[in-house]
Each structure stands twice: as C-alpha cells, then as structure tokens.
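Each chain, written out:
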Amino acid sequence: MLMQEEVTAAFHPQNQCLVGFAARSLWLIPAVPIVASGVIALLRQPRRALAAGLAIGSLSVSLFFSLMAFAHVLAGWMNSVAVRETVNFTWIQVGSAHVDLGWVLDPLSAVMLVMVSFVGLLIFIYSVGYMAHDVNFTRFFCFLSLFAGAMLGVVISNSLLLLFMCWELVGLTSYLLIGFWYHKPPAAAAAKKAFMTTRVGDVFFLLGMVWLFAQTGTLLFYNGGAGSMEPLKLGALLASPAGLGLSAAGAIGLLIFAGAAGKSGQLPLHVWLPDAMEGPTPVSALIHAATMVAAGVYLIARVYPLMQAGALAGGTTTALTVVTWVGASTAVFAALIAVAQNDIKRILAYSTVSQLGYMMAGLGMGGVAVGMFHLITHAFFKALLFMGAGSVIHGCHEEQDVRHMGALRKAMPLTFLTYAVGMLALCGFPLLFSGFWSKDGILEAAQHWSVAKGPFYMLVFGALLTAFYMTRQVAYVFFGEWRGHKTAHESPAVMTMPLAILAFFAVALGAIGTPAWPWFKAFLSDHAAGFEMARFGEPGLLPLMGTSTLVVFLGLGLGWWIYGGKSPAAEEPDALERAIPLAWGWLHNKLYVDELYGATVIAFYGWWAKVADWLDRCVWGGVVTSVAWLFRGWAQLNRLIDIHWVDGGFDKGCEELASGGGLLARVQTGRVQTYLRLLALAVVVLAAILIWSGRG
Amino acid sequence: MNGLPILTLLTVLPVLGAVIALVAGRHARSVALLTTLCGLALALVVWTKLPIDGSIGLVERAAWAPSLGIEYHLGVDALGALMLVLSAIVTLLSVDAADHVHRQPNLYFGLVLLLEAGLFGSFTALNFFHWFLFWELSLIPAFFLIKLWGGAKRGPAATQFFVYTMAGSVALLLAFLAVFLSTGNMDFIQLAAMASSGQLEQMVTAHLGPVMMWLAIGALAGFAVKVPLAPFHTWLPAAYSEAPSPVTMLLTGAMSKMGVYGLLRIAVPLFGHQIAQLRTPLLALAVLTIVMGAWAAAAQKDLKRVFAYSSVNHLGYCLLGIFALAVPAAGAAEQTSQAAALNGVILQMFNHGITAAALFWFVAMLQERTGGERGINDFGGLRKPAPVFAGLMGIVLFSSLGLPGLNGFVGEFLIFRGVFPLSWVAATVSILGLLVTAAVILTVIQKVFAGPVPERWASFPDMYGKERLAMAPVIGLMLLLGLVPQLIVDSVNPTVVNLLAHWRF
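These protein sequences, in sequence, are chains A and B.
Counting from 36, one number per residue, gives the positions in the first sequence under the numbering used here.
Counting from 134, one number per residue, gives the positions in the second sequence under the numbering used here.
Calculated directly from the structure, the hints in this document are not laboratory data.
The structure displayed is predicted, hence computed values, not measured ones.
Heads up, the beta-carbon is just placed ideally off N, CA and C, and yes, glycines get one too.
Relax, there's no trap hidden among the hints.
Some chain B residues close to chain A (C-beta under 7 Å, calculated; not the full set):
id, residue
1, 269
2, 367
3, 432
4, 516
5, 554
6, 567
7, 568
8, 579
9, 619
Build out the structure end to end from the sequences listed, making use of the hints.
Listed below in structure tokens is the structure:
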C-alpha cells in the first residue's frame with residue numbers, strides 16, 4: 036500500500052477488443068489434463084507407464100501454455116499495459132437473460148497458472164516413484180489429471196459459475212484421492228468428511244452466487260465494464276441494502292467467503308483438512324497443501340473488488356474485517372494444535388491450516404498481492420515439506436509417527452537438506468528464505484491495519500509457534516537417535532529431484548517480494564517496479580523485520596532447547612506433556628472440535644433423520660391410513676349404489692376382462708374389482724353429468 | 134396441422150406393441166424393446182418438429198363429442214415434448230433392465246407398454262376428458278405391475294398407491310367438473326386463456342358461488358399426491374420399494390413427472406391466482422418436502438427406500454420452483470427470476486427422470502447379483518471386485534447429488550437462481566436439503582463401495598459387456614446435458630417465455 040503510492044508510472048488499460056492467442060488458447064490449459072484423465076480412465080490397470088506418461092505429458096502441455104500466457108502478461112506489464120483479456124460466451128439462455136461463462140488472462144490468473152502447473156508437474160513426477168507399488172496406479176493418475184484440470188479451470192474462470200463448477204469438481208477429485216485407499220475405513224470416512232465439510236461452505240457460496248446473479252444480472256467478473264467485479268455493478272450492489280447494516284455487496288462477499296473458508300480450512304470448517312492426510316502423500320502435497328486448499332484464498336483474491344467495495348481510502352469493509360479475524364484466529368488456533376501432534380503429516384496439515392489463515396489475514400488487511408505472495412511461496416515450500424515427509428515415510432517403511440523416527444539426517448541426507456530448507460522457509464528464517472518476505476508482508480499490513488491491533492499480535496504469536504513446532508518436528512525426525520524398527524533408506528532420484536527443485540524456489544522466490552524490489556506486488560497491481568534499497572527505511576519496517584526475526588529465533592531456540600539432541604524413547608511422554616499436562620491434553624486432542632461437532636451437528640443430523648422418519652411412519656402415515664379407511668368406506672358405499680342404481684353392464688365387462696387375464700384372476704383379493712369398479716363408476720358419473728349438462 | 138398425425142401414432146404404437154407382446158410369449162421382451170425404441174425415435178422426431186416460438190405445435194384436432202365440450206385435441210410444446218422424450222427413454226431403460234422377468238413376461242411387458250401409452254397420451258392431450266382418461270389409465274398397469282411382480286409387501290403397497298392416487302384424482306375430477314359446468318369447456322388452451330383474462334373466475338363464481346379457491350385446492354390435491362408433495366407422499370416409499378426395480382424406474386422416472394406436468398399444464402394456468410394466494414403455505418410444504426425428504430432418506434436402511442425418499446427430495450425442488458414463481462404483477466427482474474425457475478423446473482424434471490431411473494437400474498443389478506440384497510449395510514468394499522460398477526454407479530450417484538458437470542446440477546442451479554430473489558427464506562432453508570442429500574449419497578457410497586470386502590462378495594461380478602453398453606449412453610447423456618444444457622434449454626426457454634406470458638397470478 037505504501038509502496039504503491041510511490042510508483043507513479045500510469046498503466047493504461049488494454050484495448051478490450053484485442054484478445055491475443057495466449058488468451059484465446061487459455062481454455063486448453065485445463066482441457067488437456069481433463070481429456071488426458073478421460074483417456075486414462077479407459078486404460079487397463081497394467082498400462083502404468085502409459086497412464087503416467089499421459090498425465091505428465093498433458094500437464095507439461097498445460098505448463099507450456101501457462102508459461103506462454105504468463106510471458107504475454109509480462110510483456111504487457113513491461114510495456115505498461117494492464118493486461119486483462121477475457122473470452123466470454125453464453126452457456127444457457129433463460130428468459131431474455133443469459134448465463135455466461137468465460138475465462139480471463141490477467142496477472143492474477145497468470146501467476147497462479149504457472150504455480151499450479153509447475154508444482155503440479157513436479158508432484159506428478161514424484162508420484163511415479165511414490166506410487167510405484169500401488170495396484171491402482173493408473174487410477175491414481177486419472178484422478179490426479181482430473182484434479183489438475185479442474186484446478187486450472189478454477190484459476191482461469193472469468194465467471195463465478197464456471198469457477199464454482201470447477202471448484203466442485205476439484206472437491207470431487209479431492210474426495211476421490213483422500214479416499215484413494217478406499218479399503219481402509221478411515222480413508223473412506225475422511226473422504227466423506229472432507230466433501231461434507233467443504234460442502235457446508237459451498238451451499239453458502241451457491242446462495243451468494245445466485246444472489247449476485249439476481250442483483251447484477253451477470254456472473255462474469257470482467258466483461259468490458261458490465262461484469263460483476265466492475266465499478267458499475269459494484270455500485271449497484273453497494274446501493275442495495277441487505278439488512279444488518281450490510282449492503283448486498285457485503286452480504287454476498289460474506290457468503291462467498293463461507294465457501295472459501297470451507298475449501299481453505301478456515302475456522303470453523305478446518306476439521307476436514309487434518310483427516311485428509313489419510314490420502315497418499317503426493318495428494319497431500321498437491322491438493323491439501325499447494326493448490327486446492329489455496330483455491331479459497333484465490334477465490335477471495337478474484338472477487339476482491341466485491342470484498343473491498345465501499346471501503347474508503349485506507350479503510351476496510353465488514354467483509355474484509357471478517358476475513359481478517361477468521362484468518363488470524365485460524366492461524367493461531369491451528370498452530371497451537373500443531374505443537375502437540377505426533378503424526379508427521381498431521382503436523383504439516385495443521386501447519387497448512389495455520390498458513391492459510393495467514394493468507395486470509397493478508398488478503399483482509401493488505402490486499403490481493405500480500406495474500407497471494409504468501410500463497411505462492413507457501414505452495415512451494417509446503418509442497419516441498421509434504422514431499423519430504425513422503426520421502427521420510429517411504430524411507431521408514433510407511434511409519435508416520437515422528438517418535439519412531441530419528442537421526443534421519445544421516446540415512447537420508449538429500450531429503451534432510453531439502454526438508455531443512457522448507458522448514459526454514461516455513462518458519463520465516465530471515466532474509467534468505469521466501470517465507471520470511473511473504474510472512475513479513477502480512478505482518479506489515481497487520482501493523483498498519485486501521486481497525487484493530489489484535490490480528491498483528493496473533494500473527495506474531497503464530498510465527499513463534501510455527502518456528503517452535505517445526506523445530507520440534509525436525510528434531511524428532513532428523514536428529515537424536517534412530518528409534519524405528521527397520522533401517523531407513525534414502526528415496527530414489529525420481530522423488531528427490533523434485534525436492535531439490537522445490538527447495539531452490541523456496542529460497543529464490545523471496546527475491547521477487549522484498550521491500551527493495553516488490554516486483555510481485557507491482558505485477559499484480561499493474562504498477563512498475565523499481566529497485567530501491569531506500570524502501571527499507573520506511574517507518575516501522577526495520578523494527579518490524581527485527582521483531583519477526585527475534586520471534587523466529589525465539590521459536591527455534593525454544594524448540595531446540597526442549598527437543599534438540601535428545602532421544603526420548605517412543606513410549607515416553609513428550610517433554611511438554613510432562614511440563615503442562617492439561618494444556619497438552621487439550622492440544623493433543625485438537626481442542627476437541629471433532630467431539631464438539633459430533634455432539635452437536637452430527638447429533639442434530641441423526642436426530643432429524645429419526646424425526647423425519649417418525650413423522651412419516653406415525654403422523655403422516657396415520658392420517659393417510661385413516662383417510663384411506665374413509666375412502667374405502669366411501670368406495671363401498673359407491674359400490675352399493677353402483678349395484679343398485681347403475682346398470683352393471685360396464686363393470687361386468689370389467690370383471691370379465693379381469694378374470695380373462697388368467698393370472699389376474701388368481702391374485703385378485705377382491706379389492707382389485709373394487710378399484711376397477713370405482714374407475715368405471717367415475718367414468719359413468721362423468722358421462723352422466725356431461726350428458727345432463729349438455730342437454731341443459 | 135397437415136401431414137402425419139404423429140402424436141396419435143406415438144400413442145397408438147405402444148398399445149399395438151402391448152397387444153403383440155401379450156401374444157408373443159417368450160419374445161415379449163424383444164417386442165417391447167423394439168416398440169420402445171420406435172417410441173423413442175418418434176418422440177425425438179416430435180422434439181425436432183417443435184415450433185421455434187415455443188407455442189404448441191403438432192396439433193391434431195377432431196370433433197369427438199362437441200356438445201359435451203369433448204374434442205380430440207392433441208399438441209405439444211417443448212414441455213410436453215421433453216416429457217415424451219423422457220418417458221420414451223425411461224421406458225426403454227426399464228424394458229432393458231427387466232431381463233429377469235420369468236413369470237408371465239408377455240403380460241409384464243404388455244402392461245409396461247400400456248403404461249407407456251398412458252404416459253404418451255397424458256403428455257399430449259389438451260382436452261380434460263381425454264387427458265383424464267390417460268391419467269387414470271396409466272395407473273392401472275402400474276398397479277398390476279406392482280401387485281403381480283412386486284416384493285413381499287406388494288399387496289398393501291399397490292393398494293395404497295392406487296387408493297391414494299385415486300383419491301387425488303377424484304378431487305381433481307370434481308374440481309374440473311365444476312369448471313366444466315361453469316364454462317361448458319374442457320379445452321386446456323381455451324380455459325387457460327379464460328383464466329388469464331379473469332373470465333374463468335367470473336364464470337365459476339357466477340355459476341357456483343365463490344368456490345374458486347376450493348377448486349384450486351382440489352386440482353392441487355390431485356397433483357400433490359402424484360408428484361408427491363409432503364405430507365401426501367407416504368404412498369411413495371412403499372410403492373417404490375415394493376415394485377420390481379424396473380417398474381420403480383418407470384414410477385420415479387416418468388410417472389412422477391405427470392404430476393409436475395399437470396401442475397404446469399393445468400393447475401397453474403387455470404388457478405394461478407389462487408396458487409399465488411396460497412403461495413406461502415405451498416412454499417412451506419415444498420420446503421418440507423425437500424428437507425424432510427432428504428432427512429427421511431438418511432434414516433432408511435433399504436437402498437430402494439433411500440432413493441425413493443431422495444426422489445421426493447429432488448421433485449421437491451420442482452415444486453419449490455413452481456410455487457415460488459407464483460407472484461402477481463412481476464416486474465422485469467422478477468420475470469427473469471420466474472423464467473430461470475421455470476427453466477430449472479423443466480430441466481430438473483428431465484434430469485431427475487434420467488438419473489433416478491439409472492439409480493434404480495443399478496439397484497436392480499445389485500439385487501440380481503446378490504440374490505435380492507438391497508440393505509445399505511448388506512454390502513461393503515464392492516469397488517474392489519467391481520470397479521466399473523462402482524465407477525459408473527458413482528457417476529450416477531454424483532449426478533443425483535447435483536455435482537456440476539453432470540446433469541443434476543443445472544436444474545437445481547436455475548431453480549435456486551429463480552427462487553432466491555422471489556423467496557429468499559424458502560431458498561435458504563432448502564439448501565439444507567442439498568447438504569443432507571449429499572450426506573445421504575456419500576454414506577451410500579461409503580457403505581456399499583468402500584471398506585474391506587466381506588467374504589461373500591469377494592467374487593461379486595463386475596458389469597457385463599451388455600450392461601456397460603446399455604449404461605454408456607445414459608452416462609453419456611448425463612455428461613452431455615451437464616456440460617451443454619443449452620441442447621435442451623434452447624427449445625425449452627421459448628416455451629417457458631410463452632407459458633409465463635399467459636399465466637396470471
């Protein structure tokens with residue numbers, strides 16, 4: 036924010052009619068992996084090489100087109116053109132209105148495209164090694180490809196509806212991949228839990244979407260001034276009150292945020308993400324660390340004009356305030372729980388939840404670039420950590436409990452080195468690592484936030500916890516003495532090479548987001564970026580960097596002091612457990628959120644199912660039975676009338692017909708005749724009335 | 134209209150087929166297959182010959198009993214034609230699915246074809262007398278199909294089904310007689326025109342006093358039972374679960390649409406004003422249908438009952454859409470919402486028909502393979518021995534859940550798009566139904582396909598070649614309509630505009 040003001044070079048918007056090849060072919064980026072997934076679905080199980088080849092090949096094509104799209108936007112940026120190219124088309128026509136879909140190429144989608152396809156490709160390659168012995172290898176790559184396609188679809192969407200459709204598809208693949216080992220009941224349960232929890236958010240998202248559609252008449256984000264994220268429609272949304280002091284813009288923003296909170300594991304919908312670790316580790320890296328869970332953050336970045344609508348200069352909106360508080364609370368809450376977990380993946384999962392909270396808070400307080408920068412750096416270092424964890428699990432023969440590991444820095448040196456890089460990036464180790472710069476961006480925004488100082492302190496505390504729990508984990512896994520059963524071994528090159536590449540970026544990405552050269556921020560906000568060391572001299576910046584450095588060192592030091600160089604036996608209670616048993620119990624049991632939901636939401640669901648069933652059986656059913664009896668009485672009465680008053684010829688005919696059916700006659704209980712008679716009677720009565728009235 | 138009386142042909146065709154099937158003995162199923170294939174071809178021809186402006190086309194008229202206001206009057210707009218196509222598809226699927234009828238196959242397939250004739254007749258008739266005949270006629274084969282080939286409790290189920298629907302029909306008949314006595318007219322189109330000019334209400338009131346509201350309730354009762362609308366739905370779980378699965382496919386796929394169709398063709402055009410007055414209680418019942426239907430499904434242990442209640446829930450969205458759009462003096466924004474809701478309702482009718490029929494087909498296959506087991510807890514881990522089965526049924530289940538990209542989503546999206554601005558409370562409460570349905574369907578997947586395989590199902594056969602071949606077009610259709618709904622909406626939307634222009638609330 037401060038930095039932007041100094042940049043004066045005016046960017047001119049792009050001529051709307053010019054849609055280049057890069058934008059026109061953008062649809063290929065999601066389409067190619069989706070088609071590949073369809074082809075893989077038809078392959079037989081032994082065609083493993085072909086399946087992996089198709090998946091990797093298709094994602095390489097996507098990466099190529101993504102890079103091309105990125106280059107196009109970058110070229111525009113260097114010529115001071117704010118690139119935003121859209122291709123829109125009508126999907127269905129309803130009345131005189133139409134439902135449009137489309138895709139957009141702008142700095143935001145370009146950056147995200149490159150990240151998703153690049154990290155995705157590395158994880159695909161890694162999976163070849165990790166899943167080598169799995170029976171359902173081909174199916175795995177089918178789901179992975181579908182996921183990649185859907186996720187890339189989310190990224191390029193220029194329509195909230197198209198985004199929602201891809202979003203749900205992403206949810207489906209996440210469900211399929213969490214439950215990939217479907218024969219394990221916990222995996223099946225975790226898959227269902229993930230889908231249901233995110234769907235809670237999604238139904239609110241759906242409501243927000245139909246509301247936005249009803250109010251603005253379009254779901255396109257950008258459409259030459261008529262899109263829902265453009266000033267004309269936003270003005271109309273602001274002018275329309277929605278109760279509780281909110282404008283329609285604010286209310287819709289909050290509903291959409293509910294969807295984002297579900298996907299991105301924000302409080303109170305975070306419960307599914309740790310359980311999702313039941314899936315294979317590459318899935319955890321790709322979907323539940325780098326890309327899908329970040330989709331919620333991306334969504335908020337995409338609809339940022341809506342979230343921000345109505346904010347005065349330097350001010351904020353209700354929607355953004357909510358985003359901030361939810362994000363900051365999630366950051367601390369999940370970091371606390373991460374301290375007391377023993378499963379190597381679960382520690383990382385809670386860490387992911389916590390970091391997603393940072394991103395949300397960054398969006399809420401600092402704008403799109405602040406949140407997105409952390410999203411991008413986090414994608415690299417968290418994917419690195421998960422894949423490192425996968426390598427560890429692989430090397431330790433499927434052991435996931437950190438207490439049964441130890442001293443792996445000797446047995447797995449390459450994994451250790453890369454893991455250490457990822458860990459330091461996550462902790463925000465000063466200057467050298469990307470995580471430091473992206474996290475400091477968020478802390479800086481929090482420092483200047485006009486509403487409250489709470490989030491700032493919460494996020495600083497979260498940073499302390501992050502450094503602490505990561506040190507604890509690394510000390511358990513890589514230091515001390517080996518406490519496992521079988522000897523550990525280093526993973527094959529197909530797994531370690533991607534680690535090395537990711538480690539490089541976990542460091543290098545920091546270069547594009549330092550205060551001296553805030554390229555990333557400038558790129559996303561259509562400003563020029565110049566290199567200027569003097570920006571470090573901005574008020575409050577150096578003290579802030581000092582504070583965050585201090586906090587990180589404090590966390591690392593505390594962690595090392597408690598856990599470093601020690602080798603407690605696996606069965607021994609944790610050092611913290613001995614020190615603060617009560618707090619440890621709560622944290623270890625994830626603050627009992629699952630139990631709380633079990634006693635409330637799940638119980639409510641079961642209770643209402645019983646009520647509905649009971650209503651059906653006893654109440655409605657009872658009424659029906661009585662009515663049925665009345666009706667039967669009436670039918671009998673009619674029958675008498677029928678026999679005595681109306682010529683029986685017609686129903687005699689019916690009877691003959693019925694008994695002529697042979698089989699029909701055998702199963703007749705007597706009632707059949709009654710009903711046939713009734714029908715006949717109805718026709719006769721109808722005819723009689725008609726004739727009578729016809730004469731009149 | 135000149136040329137071939139194609140709608141008459143369409144209705145006569147299955148009757149002829151039925152007669153041939155009755156005498157065809159063992160070959161009855163082949164006859165039925167051939168007939169339903171021809172029926173589908175004819176229905177598709179009808180679909181392509183619709184007038185572009187959305188009005189009623191392919192009209193056939195002949196004097197029948199002019200002094201009684203009875204005329205042979207047939208015609209379809211996109212709504213009717215879509216229902217014809219749906220009925221044709223569902224009957225074809227049902228015949229295809231019924232390859233295990235050993236007892237009296239000639240009678241079975243004859244009755245199925247008669248039922249198809251009833252469906253075709255009621256979706257093309259534009260005169261009450263004629264329509265009502267087919268409406269009732271379709272009930273008889275359905276009754277016998279349940280009664281003769283159903284499960285253990287088929288007797289009471291069939292009876293309840295028949296009595297209940299009959300009760301609704303009687304109310305409907307009485308209401309219509311009153312209309313006829315007041316106007317001397319039975320023609321849907323003319324009556325609708327009279328209703329929209331306010332003439333109908335005047336005439337009824339002049340003739341019989343202020344009974345218009347009661348007539349509306351009578352008409353609604355008939356359709357409410359058929360669709361069904363809670364709490365008039367209790368016949369449904371029993372009938373759906375006791376009927377043989379291929380017959381359930383017909384009941385849920387096609388017959389349930391007769392009720393929704395009747396609402397759109399008869400109740401709303403004639404009694405729009407009364408429905409608008411009853412809007413709040415009707416909306417409440419629709420929401421009840423959606424939410425309690427979904428929750429009742431959650432309590433069931435029998436897969437057929439689960440899907441039966443899930444059908445109640447899905448058709449609840451149709452009712453929600455119809456009742457929500459009954460707002461008098463709609464402005465431009467409201468008209469767009471009405472159009473969205475009505476398009477959604479019609480899409481939902483079609484899509485639910487396809488999806489529900491496919492679901493019950495899968496249940497039929499499950500039962501065939503396991504000697505009749507269909508409890509939700511009777512299976513487990515079936516994905517291992519039968520991956521294709523699990524995959525394809527999974528697609529159908531997710532279509533039922535409303536996953537975007539498959540057919541189920543589009544209708545629900547448009548209904549919510551239309552309903553939310555017209556009644557945000559109803560829309561908001563109804564999203565509970567979306568959640569609960571998702572939970573129900575995921576539970577089915579979890580219990581049937583995931584977990585360890587019980588020993589007795591270790592050699593559960595996967596789908597056979599011919600089953601895959603039969604299911605492939607259905608799945609293809611689900612994907613196609615999920616991705617390109619415009620294929621249907623292109624024709625439906627003009628009819629929607631046309632209908633809305635003539636309705637008066």
